[in-house]
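Residue numbers (my numbering), protein chains in the order written: chain A, 1 to 253; chain B, 254 to 544; chain C, 545 to 838.
A portion of the hints provided could be inaccurate.
Under the rule of at most 30 Å between Cα atoms (straight-line distance), these lysine-lysine pairs were calculated in the BS3-like manner [as the list claims (entries may be wrong)]:
#: 1; chain 1: B; residue 1: Lys445; chain 2: A; residue 2: Lys88
#: 2; chain 1: B; residue 1: Lys312; chain 2: A; residue 2: Lys119
#: 3; chain 1: A; residue 1: Lys117; chain 2: B; residue 2: Lys445
#: 4; chain 1: A; residue 1: Lys23; chain 2: A; residue 2: Lys33
#: 5; chain 1: B; residue 1: Lys312; chain 2: A; residue 2: Lys120
Restraint ranges, calculated between C-beta atoms of paired labels, are given here [claimed, not checked]:
#: 6; chain 1: C; residue 1: Leu749; chain 2: B; residue 2: Leu275; range: 35 to 45 Å
#: 7; chain 1: B; residue 1: Leu275; chain 2: C; residue 2: Gly719; range: 18 to 28 Å
#: 8; chain 1: C; residue 1: Leu570; chain 2: B; residue 2: Leu331; range: 42 to 52 Å
#: 9; chain 1: B; residue 1: Ile289; chain 2: A; residue 2: Ala31; range: 41 to 51 Å
#: 10; chain 1: A; residue 1: Pro40; chain 2: B; residue 2: Glu427; range: 19 to 29 Å
#: 11; chain 1: A; residue 1: Glu127; chain 2: B; residue 2: Arg426; range: 47 to 57 Å
#: 12; chain 1: C; residue 1: Pro587; chain 2: B; residue 2: Gly503; range: 32 to 42 Å
#: 13; chain 1: C; residue 1: Gln746; chain 2: A; residue 2: Glu145; range: 40 to 50 Å
#: 14; chain 1: B; residue 1: Leu275; chain 2: C; residue 2: Leu570; range: 29 to 39 Å
#: 15; chain 1: C; residue 1: Pro587; chain 2: B; residue 2: Leu390; range: 23 to 33 Å
#: 16; chain 1: A; residue 1: Tyr16; chain 2: C; residue 2: Gly683; range: 54 to 64 Å
#: 17; chain 1: C; residue 1: Gly719; chain 2: A; residue 2: Glu73; range: 20 to 30 Å
#: 18; chain 1: A; residue 1: Tyr16; chain 2: B; residue 2: Ala271; range: 24 to 34 Å
None of these hints come from the bench; they were simulated from the model. From the three backbone atoms N, C-alpha and C, an ideal C-beta is built for every residue, glycine too.
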Amino acid sequence: MNGETPISIRRLSVYYGDLQVLKDVSLDIPARKITVIIGPSGCGKTTLLKSLNRLLDTAEGVRVRGQVLLDGEDIYAPRTEVTRIRKKMGLLSQKPQVLPMSIYENVAYGPRLHGLKSKKELARRVEHYLRVAGLWDEVRDRLREPASTLSVGQQQRLCLARGLAVEPEIILGDEPTSALDPQSSQNVERRLLELKRDYTVVVVTHILRQARRIADHLAFLYLGELVEQGPAAEVFAGPRDPRTRAYLTGEIS
Amino acid sequence: MKPLPDARLNRRKRTDRAFRVLALASAAAVLLSLVIILGAILWKSLPALSLSMLTRTPKGGFYLGKEGGILNAIVGSLELAIGATAIAFLLSLPLVLYLNVYKGRASKTAVWTRFFLDVLWGVPSIVYGAFGFIVMLALGLRASLLAGMLTVALLEFPIMSRAIDEVMRLVPRELKEASASLGATRFETAVKVLVRQSAPGILTGVLLAFGRGVGDAASVLFTAGFTDRVPGGLLDPAATLPLAIFFQLGTPFPEVRERAYASAAILTLIILVISLAGRALGRKATRHVVK
Amino acid sequence: MRLIRDVLARRGMGAVTTLPGLLVLLVVVGLFLKSRAILAVEPLSRLLFSSAWHPLKGEFGLLPFISGTVWVTVTALVLALPVSILAAIYLSEYAPRWIREAAKPVIDLLAGLPSVVYGVWGVLIVVPFVGGVLAPACGVVSSGYSILAGGIVLAIMTFPTIIHVTLEVFATIPGALRDASLSLGATKWETTRRVVLRKGAQGILAASVLGFSRAFGETMAVLMVVGNVPAVPRSLFDPGYPLPALIANNYGEMMSVPRYDAALMLASLVLMLIVLFFNVLARWILVRVERRTR
Chain A
1 MNGETPISIR RLSVYYGDLQ VLKDVSLDIP ARKITVIIGP SGCGKTTLLK SLNRLLDTAE
61 GVRVRGQVLL DGEDIYAPRT EVTRIRKKMG LLSQKPQVLP MSIYENVAYG PRLHGLKSKK
121 ELARRVEHYL RVAGLWDEVR DRLREPASTL SVGQQQRLCL ARGLAVEPEI ILGDEPTSAL
181 DPQSSQNVER RLLELKRDYT VVVVTHILRQ ARRIADHLAF LYLGELVEQG PAAEVFAGPR
241 DPRTRAYLTG EIS
Chain B
254 MKPLPDARLN RRKRTDRAFR VLALASAAAV LLSLVIILGA ILWKSLPALS LSMLTRTPKG
314 GFYLGKEGGI LNAIVGSLEL AIGATAIAFL LSLPLVLYLN VYKGRASKTA VWTRFFLDVL
374 WGVPSIVYGA FGFIVMLALG LRASLLAGML TVALLEFPIM SRAIDEVMRL VPRELKEASA
434 SLGATRFETA VKVLVRQSAP GILTGVLLAF GRGVGDAASV LFTAGFTDRV PGGLLDPAAT
494 LPLAIFFQLG TPFPEVRERA YASAAILTLI ILVISLAGRA LGRKATRHVV K
Chain C
545 MRLIRDVLAR RGMGAVTTLP GLLVLLVVVG LFLKSRAILA VEPLSRLLFS SAWHPLKGEF
605 GLLPFISGTV WVTVTALVLA LPVSILAAIY LSEYAPRWIR EAAKPVIDLL AGLPSVVYGV
665 WGVLIVVPFV GGVLAPACGV VSSGYSILAG GIVLAIMTFP TIIHVTLEVF ATIPGALRDA
725 SLSLGATKWE TTRRVVLRKG AQGILAASVL GFSRAFGETM AVLMVVGNVP AVPRSLFDPG
785 YPLPALIANN YGEMMSVPRY DAALMLASLV LMLIVLFFNV LARWILVRVE RRTR
């Protein structure tokens with residue numbers, strides 16, 4: 001891993017057809033910290049996040065200009081292996097998306113794809129990452145049940161375990177608590193705070209208080225433009241751009 | 254923990270590409286089958302296709318290869334399908350209006366009615382034929398234009414109802430309610446707002462059912478009869494195009510079989526015109542509906 | 545006055561609403577009443593499972609026809625299922641939007657072609673192909689009018705049904721679920737096979753059942769290419785004689801032979817009940833799928 005900035009976004013512009021969703025965004029994401037991207041809904045936060053693991057490829061009529069460097073390698077270069085890029089990042093979506101299989105299979109899914117065959121090793125891995133996600137004690141007796149039988153909060157932690165099981169370096173969260181009740185949200189937030197010891201975390205949110213609770217580094221996105229970024233404490237204490245100030249005080253939302 | 258292996262990537266990518274190609278080939282095969290069917294029929298029909306096919310009725314010995322055309326069947330099919338479509342429309346429209354005006358989307362009546370309509374849609378046309386035959390005997394009719402119309406109407410009814418229903422469901426609730434709140438009774442709401450709002454879509458559904466009616470053979474086999482003359486009245490037997498094709502193909506004479514191909518081409522063209530007209534209207538429908 | 549009209553309209557329209565259910569019932573009851581003449585003198589088991597079909601001697605075993613129908617239908621599905629599901633996968637998962645949009649009218653046209661036209665095409669192309677190419681290649685002598693020819697024609701006729709329903713099922717699967725699999729490093733095909741197909745399994749089952757019931761009742765197209773010999777077929781290259789073809793072919797002469805009409809009505813009833821069963825099954829599955837995705 002490239003010590004300080006595992007991801008570096010350089011002059012990234014994204015168009016949906018004729019509509020420019022991201023305008024010349026440049027952002028360095030520090031290693032083993034939680035970077036929170038805030039901004040009103042529809043400002044391009046999710047697009048920015050999806051551009052990091054090339055999930056934008058699945059949408060139609062999307063054009064990307066600029067670079068996203070992952071450990072120094074441009075992920076939009078023609079020769080880049082997209083599955084390898086994605087393996088380096090775990091994604092938590094707005095609504096937890098459990099795969100249509102058992103709890104155990106959900107976590108084993110990724111390692112299996114990447115060629116892990118040994119049953120023992122798989123079982124060890126599943127248990128390990130379920131523990132890391134703080135779910136093991138709740139599901140240890142029902143690993144073979146369909147994942148859809150879990151509560152939404154449990155499902156989100158299952159998705160976390162599933163993402164971690166492919167050994168990513170980076171965790172991406174797309175408003176990962178927006179579908180959860182307060183207690184489950186708190187649980188997920190706590191996991192993220194623990195995980196930043198080993199992982200680089202990027203979270204998109206429109207909940208300012210959540211940003212205050214977890215952010216080390218803060219970026220404010222407004223109408224597709226990266227207005228301001230910096231250490232969270234500094235930005236919260238003294239935003240330089242009037243638009244950031246307006247957003248932080250709730251004048252624009 | 255050991256790091257995850259990463260060795261199978263090339264094989265996985267090959268599998269991915271292989272299935273992509275396979276899926277593409279399958280889709281191409283499906284789309285091409287239409288081209289092949291239309292192409293084969295039009296090509297084979299060319300030698301026998303002539304104006305007299307369209308404008309003349311069969312003369313003596315037509316099915317042995319002598320003179321004549323299939324005007325009787327073309328007119329018979331169109332008359333029969335128009336009548337059947339009219340009957341089906343008189344049943345479908347009130348049914349669909351009732352479902353969309355009086356009943357909520359998820360009401361029991363609506364769910365069950367749609368369920369039975371779907372089931373009816375799946376009933377084979379030969380069964381409608383047999384049932385139509387029973388009804389015909391019960392009514393004291395012989396095989397005739399009228400009996401054929403009634404049978405085909407049964408076949409068209411579920412198709413038309415479901416098609417119109419799908420369009421009317423798109424009319425937003427607020428629009429129905431807005432009219433009601435201005436003091437209109439629900440009946441007026443129904444007729445004025447729903448019908449006007451979904452008129453092009455209704456026509457598309459009618460044309461869809463009409464196309465089925467023109468093309469169906471099994472249901473008219475025992476109920477419409479067959480004749481070499483253009484039907485004169487509702488109680489006369491009527492020739493139909495699909496049956497004319499079937500009978501001509503059943504003869505051992507090459508000239509007659511060629512005419513069967515030509516007749517099939519004519520039927521196909523009629524169906525294509527109806528289908529494209531329905532499609533054009535359908536596109537218009539989605540443009541004018543207030544969203 | 546306006547209110548009275550409203551009430552009247554409501555009553556009248558309410559009455560029409562009972563029509564679909566009533567019609568299903570009427571068809572079954574009507575066919576049953578008309579087949580009583582033969583059900584009264586012959587045990588049902590012999591009618592359904594005897595292969596002796598000699599109307600002039602009063603023997604009406606439907607087995608050759610039932611097995612003919614099953615052979616043709618199963619052949620059609622074996623051919624149609626992989627192709628239609630893969631085609632649906634391509635259209636839903638891989639194809640750019642313009643191709644998907646362009647494919648829809650083609651599939652609709654395919655669904656709208658009259659069965660006689662399929663039959664003519666089968667006689668023109670499929671029968672000679674089976675008799676002249678496939679049968680010699682397999683070392684068999686066949687006229688081409690065979691179960692296989694019927695199966696091929698039927699397979700193409702069921703494409704639209706299966707593709708249409710499968711596409712609708714795939715459309716209910718959220719894109720975010722696919723993204724979840726992709727973001728774990730799965731390839732597109734792995735995602736399709738392990739997530740999309742699995743999630744849509746029930747819907748695909750329903751699509752297959754619908755295709756099956758559509759193929760089961762198809763009359764004219766099959767009748768024209770399948771040979772119509774009343775014997776239980778032994779191979780794909782043998783001719784067969786499906787139920788609908790039996791009904792269609794013998795209507796003219798049935799009046800002169802005692803109980804012949806009742807036997808044919810029974811054949812229609814059997815056909816109706818089987819198709820009804822599969823239709824209800826498919827709709828039931830689809831309703832469940834829809835409820836679950838909501």
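Structure-based check of each hint:
Of the supplied pair hints, the one linking B:Lys445 and A:Lys88 is violated, its CA atoms being roughly 59 Å apart against a limit of 30 Å. For the hint linking B:Lys312 to A:Lys119, the alpha-carbon distance of about 80 Å lies beyond 30 Å, and the restraint is violated. The suggested pairing of A:Lys117 with B:Lys445 is violated, with an alpha-carbon distance near 66 Å, which exceeds 30 Å. At roughly 25 Å between alpha-carbon atoms, A:Lys23 and A:Lys33 fall within 30 Å of each other, so this suggested pair holds.
Distance restraint check for B:Lys312 and A:Lys120: the Cα-Cα separation of roughly 84 Å exceeds the 30 Å cut-off, and the hinted pair is therefore not satisfied. Restraint check, C:Leu749 to B:Leu275: a C-beta distance of roughly 21 Å breaks the suggested window 35 to 45 Å. Checked against the given bound of 18 to 28 Å, the beta carbons of B:Leu275 and C:Gly719, roughly 23 Å apart, stay inside it. Remark: the range hint 42 to 52 Å for C:Leu570 to B:Leu331 is contradicted by a beta-carbon distance near 28 Å.
Take B:Ile289 and A:Ala31: their Cβ atoms lie about 60 Å apart, and the range 41 to 51 Å is violated. At about 28 Å, the beta-carbon gap between A:Pro40 and B:Glu427 stays in the expected band of 19 to 29 Å. One distance hint, 47 to 57 Å for the beta-carbon pair A:Glu127 and B:Arg426, holds here, with the actual separation near 51 Å. Separated by about 36 Å at the C-beta atoms, C:Pro587 and B:Gly503 satisfy the suggested range of 32 to 42 Å.
Hint check: C:Gln746 to A:Glu145, Cβ distance near 18 Å, so the stated range 40 to 50 Å is violated. A hinted range of 29 to 39 Å for the beta carbons of B:Leu275 and C:Leu570 is inconsistent with their spacing of about 46 Å. Hint check: C:Pro587 to B:Leu390, Cβ distance near 27 Å, so the stated range 23 to 33 Å holds. Here the CB-CB span from A:Tyr16 to C:Gly683 is close to 59 Å, well matched to the stated 54 to 64 Å.
Distance hint for C:Gly719 and A:Glu73: a CB-CB separation of about 27 Å, consistent with the stated range 20 to 30 Å. At about 31 Å, the CB distance of A:Tyr16 to B:Ala271 agrees with the hint of 24 to 34 Å.
Consistency note: the structure conflicts with the earlier hints numbered 1, 2, 3, 5, 6, 8, 9, 13 and 14.
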